[in-house]
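All chains should be modelled from the sequences, with the hints used to inform the complete structure.
There are 2 protein chains.
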Amino acid sequence: MAKKVTIKDLAKAAGVSVTTVSQILNGKGARFSQATQDRVLALKKELNYVPDFNARNLILHSSKTIGVLVPNIGNPFFSSFARGIQAVCREKEYMPLIFSANHEVELERYYLSRLVERSVDGLIIASASITTTTIDEILKPNAIPYLLFDQNQTDAGDRVQVDDYQGGKLAAEHLLALGHRKISMYLPTNPTDNVLHRLAGFKETLQAAGVAFGEDNVVHTALTKRGGYEGTAAILAQQPTAIFCANDELAIGLYRGLAERGVRVPQDLSVIGFDDIDLDEYVTPALTTIHQPINQLGEEAAHLLFKRMATKGELATQVTRMPVELVVRQSTAAVEAR
Amino acid sequence: MAKKVTIKDLAKAAGVSVTTVSQILNGKGARFSQATQDRVLALKKELNYVPDFNARNLILHSSKTIGVLVPNIGNPFFSSFARGIQAVCREKEYMPLIFSANHEVELERYYLSRLVERSVDGLIIASASITTTTIDEILKPNAIPYLLFDQNQTDAGDRVQVDDYQGGKLAAEHLLALGHRKISMYLPTNPTDNVLHRLAGFKETLQAAGVAFGEDNVVHTALTKRGGYEGTAAILAQQPTAIFCANDELAIGLYRGLAERGVRVPQDLSVIGFDDIDLDEYVTPALTTIHQPINQLGEEAAHLLFKRMATKGELATQVTRMPVELVVRQSTAAVEAR
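These protein sequence lines map, in sequence, to chains B and X. Taking our numbering as reference, the numbering of the first sequence is continuous, increasing by one, and the terminal residue is 328. Taking our numbering as reference, the numbering of the second sequence is continuous, increasing by one, and the terminal residue is 328.
Certain hints may be false.
Given that identical chains are not distinguished, each listed pair holds provided it fits within a single copy or across any two copies.
What the hints assert, rightly or not - Keeping only pairs whose Cα atoms sit at most 25 Å apart, straight-line, the calculated DSS-like set for lysine-lysine is:
(1) K130 <-> K172
(2) K130 <-> K18
(3) K172 <-> K2
(4) K54 <-> K172
(5) K297 <-> K35
(6) K34 <-> K130
(7) K130 <-> K35
(8) K34 <-> K172
No lab work stands behind these hints: they were computed from the structure.
In structure tokens form, the structure reads like this:
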């Protein structure tokens, strides 16, 4: 197998010194003849010489990479989010290194440590289980700029959020307008702050309209399709006419549990999700949901991080909160229609 | 903001020289007192000192990373595949750098070049549009070990495949056994070799059973949910009683097109997919498909690549072909049942 082409190979092929090649490739070749410059550049292309990035890193103390930690890349929400980050990184000529921690705290720490070792220039952490302790232990001592997304409350750091409270409120208003009064909500087992805001907006709007909503109207389950499926019996036992799911994956899992029991959506039961993943238009019936601007959230997260990386510590904490909106599809209907 | 903790900081805190710290951390500290060793190790932990990986890379000519290029991380097939790779990398203490080229040839070349610059130790290329030219231009001159997956035919290199021909055959046999004789197939616009093998197995099995299957029984569309949705009118115009989709995403897109037209699956039309992504159990009706061992494919790809990296050029080309199987769910039914 061939060996990686080095700057020495290139210098030898061009019949010039390594220093000459280095200067020409770094745009400082004006003092050499045009013929020499052209020959070196042509040979660089011909031999496919690729400069050693590790040498450059060591000198510049930058790897031109940002680390991205997501809880589950298998959730289309996070693949869209990552796509937004990827687009901005490409403009800036950075590489995004994306890791899925599969909701495991230990794996999260592992990847964070490896990313720090590799001198990432910054981190976007969209992992729900990261703790203040982990941030204090791993990130702060190494002075790595980071941004939190969709996160537990920690005391510090830039963040990108959506208006989760408003999302819960919109879901409640929609169901109230359709005449629903017996309403349940699907929550993850250990709800993160953003989900608790959804719950608060939902609950307070229902209660303000005189609709009872307490612990008896909530079912906790794993925040996955499987979780939504496995909680079906428990949530149907509450005899709701409508169910608000903390995310779309839960709703899609619930669909399966309902189909197996012959419960029709929306004729027998209205279902509303949260996120607006691309799948929502493909399931039957198409899912009514609260739209998050997923791709833009990724872009904004990357923009704020690059700003932080450029200014180091001199910048006040950046918080961007983006709006959500109700998207009405076929999974919700008026109670009267039953 | 704090500065990254350096070996100098650690040496200063411990009251010893940088050389002493370096030797203790590299397991060569036996000649120092136990108290000194303990103090350095305790301070390493306390200060969260992380060794500079770039320096190590430069010396060892290895970044302990492998690059992974997938066409679309938003397809659950590739997120499962990536999970298999991730698991093996973790055992080997390598970092997998995963990039989604979104089916764009130019983006693929971009990421490949950046990965080579960063001295990845090897590459797994699951991107359908990679060409022999790209491999010859970017990978071979830099002597990067690589493995192809799910790929166009190129003349060289290790690869992991499934028995696509057998998959097509199983799909055909299943539909024939249910009495179908008017059968269509959904194909991507530019089918890759693996998809052409599925087609060959399907077509030859139908023809051997005396069922006509030619260009009039095929519709080409984009290999995405949207493609499956947008091709619905064209494929229904062929008046099939059953449709074999080249992958599950196409089938899920087709479901939407059928639902909008009131065509019931499987009562009016049987649908069979290919891949067995986790979503198949969640759509209604649950999708009959050809199962690929997706997670194991990722693991095997990583194992072969590590073997190649360990032995350099002295190993014959490695090809692993893994079996597929039919998974019957609710989307296929006997023609007689109509």
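Treating 25 Å as the Cα threshold, decide for K34 and K172: within, between, both or neither.
neither (70 Å within a copy, 57 Å between copies)
Within, between, both or neither: how does the pair K54, K172 come out at a Cα-Cα threshold of 25 Å?
Cα proximity of K54 and K172: none, with 53 Å in one copy and 56 Å across.
Intra/inter-copy verdict for K130 and K172 if alpha-carbon distance must be at most 25 Å:
So K130 and K172 fail the 25 Å test inside a copy (47 Å) and across (65 Å) alike.
Within, between, both or neither: K172, K2 at alpha-carbon 25 Å:
Neither way: K172 and K2 sit 80 Å apart in one copy and 66 Å across, limit 25 Å.
Can you tell me if K34 and K130 fall within 25 Å by alpha carbon in one copy, between copies, both or neither?
Only across copies: K34 and K130 sit 15 Å apart there, 41 Å inside one copy, limit 25 Å.
Can you tell me if K130 and K35 fall within 25 Å by alpha carbon in one copy, between copies, both or neither?
between (42 Å within a copy, 14 Å between copies)
When no copy is named, should K130 and K18 be tagged within, between, both, or neither for a Cα gap of at most 25 Å?
Close neither inside one copy (38 Å) nor across copies (29 Å); limit 25 Å.
Indicate which option fits the pair K297, K35 if close means a Cα-Cα distance not exceeding 25 Å: within, between, both or neither.
Close neither inside one copy (34 Å) nor across copies (31 Å); limit 25 Å.
The structure fails to meet hints 1, 2, 3, 4, 5 and 8 from the earlier list, while all remaining hints are met.
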